[in-house]
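**Student:** Construct the entire structure; sequences and hints are all you get.
One line per chain: the protein sequences are A and B, in this order. The opening position of the first sequence corresponds to residue 1 in the working numbering, with each subsequent residue numbered one higher. The opening position of the second sequence corresponds to residue 346 in the working numbering, with each subsequent residue numbered one higher.
It is worth saying that the hints were derived from the structure and are not from the lab. Everything numeric in this text was worked out from a predicted model, so none of it was measured. Note that the Cβ used here is the ideal one computed from N, Cα and C, for glycine as well. Honestly, I wouldn't trust all of these hints.
What the hints assert, rightly or not - Examples of chain B residues lying across from chain A (beta carbon under 7 Å, computed):
#1 H383
#2 R479
#3 G560
#4 F573
#5 G574
#6 R656
#7 L727
#8 G749
#9 S753
#10 E848
#11 D852
#12 E853
#13 A856
What the hints assert, rightly or not - Now the stretches of chain B that chain A is said to cover, found in silico as 3 or more residues with beta-carbon under 8 Å:
#14 445–456
#15 575–589
#16 824–837
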Amino acid sequence: MSNRLQSRTLPSVCCVLLASLLAPPALADGEVNIYSARKEDLIKPLLDDFSQQTGITVNLVTGKETELLQRLQSEGINTPADLLLTSDAGRLTAARQAQVLQTIQSEALEKHIPAAYRDPDGYWYGLSVRARPILYAKDRIKPTALSTYEDLAAPRWKGKLCVRSSDSIYNQSLVAGMIAHHGEANTETWAKGLVANFARSPKGGDRDQIKAIAAGECDLTLANTYYLGGMLTSSDQAEQQAATQVAVFWPDAKTTGVHVNVSGAGVTAHAKNRDNAVKLLEFLASDQAQRWYADVNNEYPVNPAIPPSATLKAWGAFKADTLNVAKLGELNAEAIKLMDRAGWK
Amino acid sequence: MGIERWTLLVTGVALLLALPVFTVFFTALQPASDVWRHLVDTVLADYVLNSVTLMLGVGVGTLLIGVPTAWLTGVCEFPGRRWFEWALLLPMAIPAYIMAYTYTGLLDFAGPVQTLLRETFDWSRQDYRFPAIRSLPGATLMLALVLYPYVYLLARAAFLEQSAAVLEVSRSLGVGPWRRFLTITLPLARPALIAGMSLVQMEALADYGTVQYFGVSTFTTGIFRVWFGMNDATAAMQLAALLLLFVFTLLVCERLSRRQTRFHHTDQRTQRPPRLRLSGRWSWLATATCLIPLLCGFVIPAGQLLVWAWRTAPQMIDHRFLELAGHSLWLASGSALLILSLALLLGYGQRLRPRPLVRLAVRSAGLGYAVPGTVLAIGVMLPFAAIDRSVDSWTREWFGLSTGLLLSGTLFALLFAYSARFLPVALHSVEAGLTRIRPSMDDAARSLGSRPRAVLWRVHIPMLRSSLLTALLLVFVDVLKELPATLILRPFNFNTLAVRTYELASDERLADSASFALAIVLAGIGPVILLSRAISRVRPDHAPLS
Numbered sequence: 001m002s003n004r005l006q007s008r009t010l011p012s013v014c015c016v017l018l019a020s021l022l023a024p025p026a027l028a029d030g031e032v033n034i035y036s037a038r039k040e041d042l043i044k045p046l047l048d049d050f051s052q053q054t055g056i057t058v059n060l061v062t063g064k065e066t067e068l069l070q071r072l073q074s075e076g077i078n079t080p081a082d083l084l085l086t087s088d089a090g091r092l093t094a095a096r097q098a099q100v101l102q103t104i105q106s107e108a109l110e111k112h113i114p115a116a117y118r119d120p121d122g123y124w125y126g127l128s129v130r131a132r133p134i135l136y137a138k139d140r141i142k143p144t145a146l147s148t149y150e151d152l153a154a155p156r157w158k159g160k161l162c163v164r165s166s167d168s169i170y171n172q173s174l175v176a177g178m179i180a181h182h183g184e185a186n187t188e189t190w191a192k193g194l195v196a197n198f199a200r201s202p203k204g205g206d207r208d209q210i211k212a213i214a215a216g217e218c219d220l221t222l223a224n225t226y227y228l229g230g231m232l233t234s235s236d237q238a239e240q241q242a243a244t245q246v247a248v249f250w251p252d253a254k255t256t257g258v259h260v261n262v263s264g265a266g267v268t269a270h271a272k273n274r275d276n277a278v279k280l281l282e283f284l285a286s287d288q289a290q291r292w293y294a295d296v297n298n299e300y301p302v303n304p305a306i307p308p309s310a311t312l313k314a315w316g317a318f319k320a321d322t323l324n325v326a327k328l329g330e331l332n333a334e335a336i337k338l339m340d341r342a343g344w345k
Numbered sequence: 346m347g348i349e350r351w352t353l354l355v356t357g358v359a360l361l362l363a364l365p366v367f368t369v370f371f372t373a374l375q376p377a378s379d380v381w382r383h384l385v386d387t388v389l390a391d392y393v394l395n396s397v398t399l400m401l402g403v404g405v406g407t408l409l410i411g412v413p414t415a416w417l418t419g420v421c422e423f424p425g426r427r428w429f430e431w432a433l434l435l436p437m438a439i440p441a442y443i444m445a446y447t448y449t450g451l452l453d454f455a456g457p458v459q460t461l462l463r464e465t466f467d468w469s470r471q472d473y474r475f476p477a478i479r480s481l482p483g484a485t486l487m488l489a490l491v492l493y494p495y496v497y498l499l500a501r502a503a504f505l506e507q508s509a510a511v512l513e514v515s516r517s518l519g520v521g522p523w524r525r526f527l528t529i530t531l532p533l534a535r536p537a538l539i540a541g542m543s544l545v546q547m548e549a550l551a552d553y554g555t556v557q558y559f560g561v562s563t564f565t566t567g568i569f570r571v572w573f574g575m576n577d578a579t580a581a582m583q584l585a586a587l588l589l590l591f592v593f594t595l596l597v598c599e600r601l602s603r604r605q606t607r608f609h610h611t612d613q614r615t616q617r618p619p620r621l622r623l624s625g626r627w628s629w630l631a632t633a634t635c636l637i638p639l640l641c642g643f644v645i646p647a648g649q650l651l652v653w654a655w656r657t658a659p660q661m662i663d664h665r666f667l668e669l670a671g672h673s674l675w676l677a678s679g680s681a682l683l684i685l686s687l688a689l690l691l692g693y694g695q696r697l698r699p700r701p702l703v704r705l706a707v708r709s710a711g712l713g714y715a716v717p718g719t720v721l722a723i724g725v726m727l728p729f730a731a732i733d734r735s736v737d738s739w740t741r742e743w744f745g746l747s748t749g750l751l752l753s754g755t756l757f758a759l760l761f762a763y764s765a766r767f768l769p770v771a772l773h774s775v776e777a778g779l780t781r782i783r784p785s786m787d788d789a790a791r792s793l794g795s796r797p798r799a800v801l802w803r804v805h806i807p808m809l810r811s812s813l814l815t816a817l818l819l820v821f822v823d824v825l826k827e828l829p830a831t832l833i834l835r836p837f838n839f840n841t842l843a844v845r846t847y848e849l850a851s852d853e854r855l856a857d858s859a860s861f862a863l864a865i866v867l868a869g870i871g872p873v874i875l876l877s878r879a880i881s882r883v884r885p886d887h888a889p890l891s
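**Tutor:** Given below as structure tokens:
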């Protein structure tokens, strides 16, 4: 008897459960749905501000760039996502090539964002700039001894260099930029020289490289400035301590300029809330939001009219590479192959 | 009729669960790109060598830790034995990549241990050599420390099961305890040890978080490099398919070797032999043998997390914390129940209908464990999106309505992915339990007029209680720690403890992530303790833990 009862209740319970699991995200007005490769902490406060000001609800999924792109592609015309946010230009280029973005023409966006930091056809817009200069040990290296990225491959730096693995998108973009400026053959020679100067086999993240300098394992590294900023304001005493022992050197001041990448966003090709997505994009390029990028995460505003934060000012002004960041994405696969050949682990 | 229904049901469910694995193979069938040429010329040999070394190293490491501790706590008596019985399972609650972060924090050049050494002896960098934790041996050690509990669990169950009779005979023939261990206990436990080791090795092959952080290039990191960096999804899937083929071959070999050495204890009710009382030096040695993996695998990493969390928790824990914990617990318990039912269905179906087709289907459903989580998630995403698309275009055509996305981006997709990935964990346990129930039981129940379902419900499930509980809790802990599939398949505005930990850690804010990592560990400890109590309770000879 009890068995028969179970055999009927079980399927119906399953059906109810299934129905509740399957409920698709609502697509009502007054919403905008985001796939974001920026971490929640690095975007949510801005989105909350946006919701408060406009009354538009923002729904968020975070993840890794390529995975979000894959999700967008496989969902096709039914995708609930209206906006794709990434933390580097390469993936935005890939998204454009995968035809999941649409062009947006907006005066506000074009006014606030310089041409080098957005797609020439308006498929995506850069929202914050991330610079990757040379960091050096204050007590062991004279900044006058430093000049360019190319110089880091010189034999006199043998055993002095800590660099992150070539799995890092930041290093891939840097090498892609080098290929764009100097050609593949020269860049490969350079990469081999660089690898020969490594103090240790590449490991860890940007912060780990800075800590290694502070501990005396090496003297020089390449790192994105917001990691240094994050360490300076860290709750960890040891991290703060380590960060005060390194300084920023802006390379290539006389030549191509410092390697920069952007975090940015594009409206999806099948956005159901296109207008809200554009509104959000414009909000993210507005003065208020641009200041937030600098104050909270030590990134540089794309809008040149916005003054950088105090921390950023302390590191000094620099000449940024004017290469269109879209190029970095196009050359990314080349860059990886080149690093494989150069033995950059 | 009923007979064919079981075959159909079991084969159907198994094939459905194997869908992600089939998707990987199917995607891999597309023509190869020139990326292969490049890989073969440069890094492929490295990937293969590192992956195989890691797999073998982790296998040997887990045996070296898991078997002696299982034997000591299962068969011997020494100070702290009862306590070690459950405490040795604790490392299971720590995600491997979290373990890697904590040890790096401690042992790296800039960490407290090396700094202390330098300050104490006034050394500089050139004056001493310290083994690098972020290396292939380091990764092997980390994975062995978090994974040995699988071997420990299975080995201990096997040791406890060995009947007194066999050991009595050997003793009467004058065989000493050590030789008895090597020539009888160990060979009898071989199937369990191999089963445990193969789970562990599959996990080691699929690991991404640890090896990536340590800068060790393996097959798995290679898959992501090709996919994320070179934007070549086809080549990535081809690499994944190659990995799967490799694992499949290993599993077939394992099955074949097991078939040759199948032991049934003739009588379940034999007396358990009395525990071997260790005294003096031997008892301290036993205590130390159990203490070391516990210290290295749990106390030290959890202690480091606690130190970090102590400092950062006030800023990091806010109103969202409970929501995250709720999501994690809900997902873990829901999927544990679901996966257990599926494992029971497949295990029992296989017992009812041991046909080649059924076996093959069940085996292929069990392959998901060896696939890196992200690849498996893609294997779920692609077919689900295809189903959504065809349903949508069908309803558009016939009813002029769009159904949008029915499966993609839902919790259902997530639960499905968990099922495809963690089924083998539950299946191993259920199958092991089922083989212990003699077929004559089934026959007796059937001859009394029970239908197969009733036999399962009224005979097997009560007898399987401890195996089922083991399966349930193993899956619970695994889902709690799961990251890649959760990250890629979850719906809007839905985060878990593992996702939050990852987001902070990947932003290189290790100390800030500690509160959430610790919450995962704490949520995992409860089930681990329950698990060991339950296992102890079903042993009739066993003194209650109280």
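**Student:** All the hints need checking, so say for each whether the structure fits it.
**Tutor:** Checked hints:
For B/H383, the suggested interface contact is upheld, since its CB lies about 5 Å from the closest CB of chain A, less than 7 Å. At a threshold of 7 Å, the smallest CB-CB gap from B/R479 to chain A is about 4 Å, leaving the interface hint in force. Among the interface hints, the one on B/G560 holds; its C-beta lies about 4 Å from the nearest C-beta in chain A, closer than the 7 Å criterion. The restraint placing B/F573 at the interface with chain A holds, with a minimum CB-CB distance near 4 Å, inside the 7 Å limit.
Taken as an interface hint, B/G574 checks out: its beta carbon lies about 4 Å from the nearest beta carbon of chain A, inside 7 Å. Checking B/R656 against chain A by beta carbon gives a least distance of about 6 Å; that is within 7 Å, so the hint holds. Taken as an interface hint, B/L727 checks out: its beta carbon lies about 6 Å from the nearest beta carbon of chain A, inside 7 Å. Taking 7 Å as the C-beta cut-off, the interface hint given for B/G749 holds, the closest approach to chain A being about 5 Å.
Because the closest C-beta pair between B/S753 and chain A is about 6 Å apart, less than 7 Å, the hint holds. Hint status for B/E848: holds, given a least beta-carbon distance of 5 Å to chain A, under 7 Å. Because the smallest distance between the Cβ of B/D852 and any Cβ of chain A comes to about 6 Å, under 7 Å, the interface hint for this residue holds. With a least beta-carbon distance of about 4 Å to chain A, the hint placing B/E853 at the interface is held under the 7 Å criterion.
Hint status for B/A856: holds, given a least beta-carbon distance of 5 Å to chain A, under 7 Å. Requiring three or more residues with a Cβ within less than 8 Å of a Cβ of chain A, the coverage given for the region 445–456 of chain B holds, as 4 such residues are present. Under a criterion of three residues with beta carbons nearer than 8 Å to beta carbons of chain A, the stated coverage of the region 575–589 of chain B is upheld, 4 such residues being counted. Interface restraint, the region 824–837 of chain B with chain A: holds (5 residues with C-beta to C-beta distance below 8 Å; minimum three).
In this structure, every one of the numbered hints holds.
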